[in-house]
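Undergrad: Listed here are the chains, written in short residue letters.
Number of protein chains: 2
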Amino acid sequence: MPPDDVRRHRRARSSEVISSPANQVVRLVRALGRRKAREETGQFVVEGERGLADALDAGVRPHVIVVRDDYVAGTDRLDALLAGDEVDVRRLDTALFDDLCETVHPQGILGVLPLPAATALPDDATLVVYLDGIRDPGNMGTLLRSSAAAGADAVLVGSGSVDPYNAKVVRSAMGAHFRIPILAADTVPMERLQALPIRAIAEADADRTYDGVDWRQPSLLIVGSEAVGPGETGRALANLAIAIPMTSGVESLNAGVAGSIVLFEIARQRRIGSPRALK
Amino acid sequence: MPPDDVRRHRRARSSEVISSPANQVVRLVRALGRRKAREETGQFVVEGERGLADALDAGVRPHVIVVRDDYVAGTDRLDALLAGDEVDVRRLDTALFDDLCETVHPQGILGVLPLPAATALPDDATLVVYLDGIRDPGNMGTLLRSSAAAGADAVLVGSGSVDPYNAKVVRSAMGAHFRIPILAADTVPMERLQALPIRAIAEADADRTYDGVDWRQPSLLIVGSEAVGPGETGRALANLAIAIPMTSGVESLNAGVAGSIVLFEIARQRRIGSPRALK
Numbered sequence: 001m002p003p004d005d006v007r008r009h010r011r012a013r014s015s016e017v018i019s020s021p022a023n024q025v026v027r028l029v030r031a032l033g034r035r036k037a038r039e040e041t042g043q044f045v046v047e048g049e050r051g052l053a054d055a056l057d058a059g060v061r062p063h064v065i066v067v068r069d070d071y072v073a074g075t076d077r078l079d080a081l082l083a084g085d086e087v088d089v090r091r092l093d094t095a096l097f098d099d100l101c102e103t104v105h106p107q108g109i110l111g112v113l114p115l116p117a118a119t120a121l122p123d124d125a126t127l128v129v130y131l132d133g134i135r136d137p138g139n140m141g142t143l144l145r146s147s148a149a150a151g152a153d154a155v156l157v158g159s160g161s162v163d164p165y166n167a168k169v170v171r172s173a174m175g176a177h178f179r180i181p182i183l184a185a186d187t188v189p190m191e192r193l194q195a196l197p198i199r200a201i202a203e204a205d206a207d208r209t210y211d212g213v214d215w216r217q218p219s220l221l222i223v224g225s226e227a228v229g230p231g232e233t234g235r236a237l238a239n240l241a242i243a244i245p246m247t248s249g250v251e252s253l254n255a256g257v258a259g260s261i262v263l264f265e266i267a268r269q270r271r272i273g274s275p276r277a278l279k
Numbered sequence: 001m002p003p004d005d006v007r008r009h010r011r012a013r014s015s016e017v018i019s020s021p022a023n024q025v026v027r028l029v030r031a032l033g034r035r036k037a038r039e040e041t042g043q044f045v046v047e048g049e050r051g052l053a054d055a056l057d058a059g060v061r062p063h064v065i066v067v068r069d070d071y072v073a074g075t076d077r078l079d080a081l082l083a084g085d086e087v088d089v090r091r092l093d094t095a096l097f098d099d100l101c102e103t104v105h106p107q108g109i110l111g112v113l114p115l116p117a118a119t120a121l122p123d124d125a126t127l128v129v130y131l132d133g134i135r136d137p138g139n140m141g142t143l144l145r146s147s148a149a150a151g152a153d154a155v156l157v158g159s160g161s162v163d164p165y166n167a168k169v170v171r172s173a174m175g176a177h178f179r180i181p182i183l184a185a186d187t188v189p190m191e192r193l194q195a196l197p198i199r200a201i202a203e204a205d206a207d208r209t210y211d212g213v214d215w216r217q218p219s220l221l222i223v224g225s226e227a228v229g230p231g232e233t234g235r236a237l238a239n240l241a242i243a244i245p246m247t248s249g250v251e252s253l254n255a256g257v258a259g260s261i262v263l264f265e266i267a268r269q270r271r272i273g274s275p276r277a278l279k
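As they're listed, the protein sequences go chains A and B. Start counting the first sequence at 1; every next residue gets the next number (my numbering). Start counting the second sequence at 1; every next residue gets the next number (my numbering).
One or more hints might be untrue.
Only part of the chain B face toward chain A is listed, based on derived beta-carbon distances under 10 Å [claimed, not checked]:
1) L100
2) T103
3) R145
4) S146
5) S172
6) G175
7) P189
8) A206
9) Y210
10) D214
11) T233
12) L237
13) A241
14) I272
Hints were generated in silico from the structure; no laboratory data involved. Note that the Cβ used here is the ideal one computed from N, Cα and C, for glycine as well.
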């Protein structure tokens, strides 16, 4: 729904409490639970105050904000936003709102936001993360969050991965969507990635340890699924396999945690200006 | 339910398909969803083949194994176990089994296991993890799994934390329960912990970076909740606050990931035999 269309009716509607599941905004939010609808409309849903604050911090203006009938803004900024003219606000019947949310204990506020424009890989990128076959939304969210926090320049999402704009991913990424470019891997020319001197793939049985790499060089970190590892594209790109040594052969880590450990080793080396002596 | 009690009726019952929710084993499994019942009976439930394999690897014998009517063992070992005499096996009606499971897509097998005996802190412990106020089961599971994988000697669980034998914790810890001693923090004398020279608490705004500590010394790592940080006991124990530097002030990590990053920096220093030069 284009914002202009919505705004025209704002004043008339904003004080009404919507209780019909057939309402246009209700149907839009529900439709955005599906990847296809997100891609077709170029919008996605962010639930909760923290998520919306992250969007506002990044200068992203919601197309519509939907609040539960009993919602009281938890921050002055949200309060001002709801009272002001800038954003279309709709008020929903309590049961209808809760039913619409994917969270178990909804905070009573959600926003429909524009999908970040698909930007190109930054020219000067020195740390790119390639998520290849990450199907678990929690792991995807963790990896987006850790990538942003560790200072990566972009995250590429391979075709076998969960949609990064899935509601569970958005929730666990805690605003990373607004702080790091997220690109479909197949929109980035392979030559750009092949030009990065370190192209490391995390694999449980690799000989090289993850901290035995000089990560100060421009790097691509490829993280695959816990169950089956990275896909063909990831494997074709890699020129190095790395492992995280663990106490016993039985141990393993999930892809979100393993990827985060490597990302912060990269950040650590770049911060202190040297890797440990390479073997 | 003591195993002997069960075993007496095994042969007669194991070929029957149980369909009554009032069945004694069904009621036991359901009751074990509550912490109180776990503590009173000294048992907990492990769902899925991987979890049961971890228990068997650790030499833990299930008191009862419950399978769904259509279950076919995915490994030879489980197949042999189900066919053999060693463990009491019950077969449940499909709908009843699925209703009993906390997982969304149950694999069709679960076991009732003895709670690991509360052991004391190992005398020669050089890395102890103190989880103080970790309420999210996923984070607790991650921290148990990372503690085992990074070579910690024990995990202490503070009173404000989720029960480590909660089904979600057990699921996400991927067998760590059988590989590392997990103790209630209040069973360990404070003097034992105060004797560890490094007692570090993870805090977002600490001046000291997590990699600027010589972790080769005997250490206590205190991890608190993402929302409110560690509790009073954790704070009282700490002699050092550490932070994980991040790209921008906006960023943060969840307690499970942050704790894992510190744990693997500790493992890294101990493996390579030196920390980076301390500031």
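Undergrad: If a hint holds in the structure, say so; if it does not, say that too.
TA: Hint-by-hint comparison with the structure:
1. Proximity of L100 of chain B to chain A is violated relative to the hint, the smallest CB-CB distance being about 21 Å (cut-off 10 Å).
2. A hinted interface residue such as T103 of chain B counts as satisfied when its beta carbon comes closer than 10 Å to some beta carbon of chain A; here the least separation is about 14 Å, so the hint is violated.
3. Against a cut-off of 10 Å between C-beta atoms, the interface hint on R145 of chain B holds, since the closest Cβ of chain A lies about 7 Å away.
4. This hint holds: S146 of chain B has a C-beta 6 Å from the nearest C-beta of chain A, less than the 10 Å allowed.
5. Of the supplied interface hints, the one on S172 of chain B holds, with its beta-carbon coming within about 8 Å of a beta-carbon of chain A, less than 10 Å.
6. With 10 Å as the threshold, the beta carbon of G175 of chain B comes within range of chain A, its nearest partner Cβ sitting at about 7 Å, so the hint holds.
7. A hinted interface residue such as P189 of chain B counts as satisfied when its beta carbon comes closer than 10 Å to some beta carbon of chain A; here the least separation is about 26 Å, so the hint is violated.
8. Given the 10 Å rule on beta carbons, the hint for A206 of chain B is violated: about 15 Å separates it from the nearest Cβ of chain A.
9. For Y210 of chain B, the interface hint holds, the least distance from its beta-carbon to any beta-carbon of chain A being 9 Å, beneath 10 Å.
10. Checking D214 of chain B against chain A: minimum C-beta separation of about 14 Å lies over 10 Å; hint violated.
11. Taking 10 Å as the C-beta contact cut-off toward chain A, the hint placing T233 of chain B at the interface is violated, the least distance being around 26 Å.
12. For the restraint placing L237 of chain B at the interface with chain A, the shortest Cβ-Cβ distance is roughly 24 Å, beyond the 10 Å limit, so the hint is violated.
13. Using the Cβ-Cβ criterion of 10 Å, the hint placing A241 of chain B at the interface with chain A is not satisfied: the shortest such distance is roughly 18 Å.
14. With 10 Å as the threshold, the beta carbon of I272 of chain B comes within range of chain A, its nearest partner Cβ sitting at about 6 Å, so the hint holds.
When the structure is compared with the earlier hints, violations turn up for hints 1, 2, 7, 8, 10, 11, 12, 13 and for no others.
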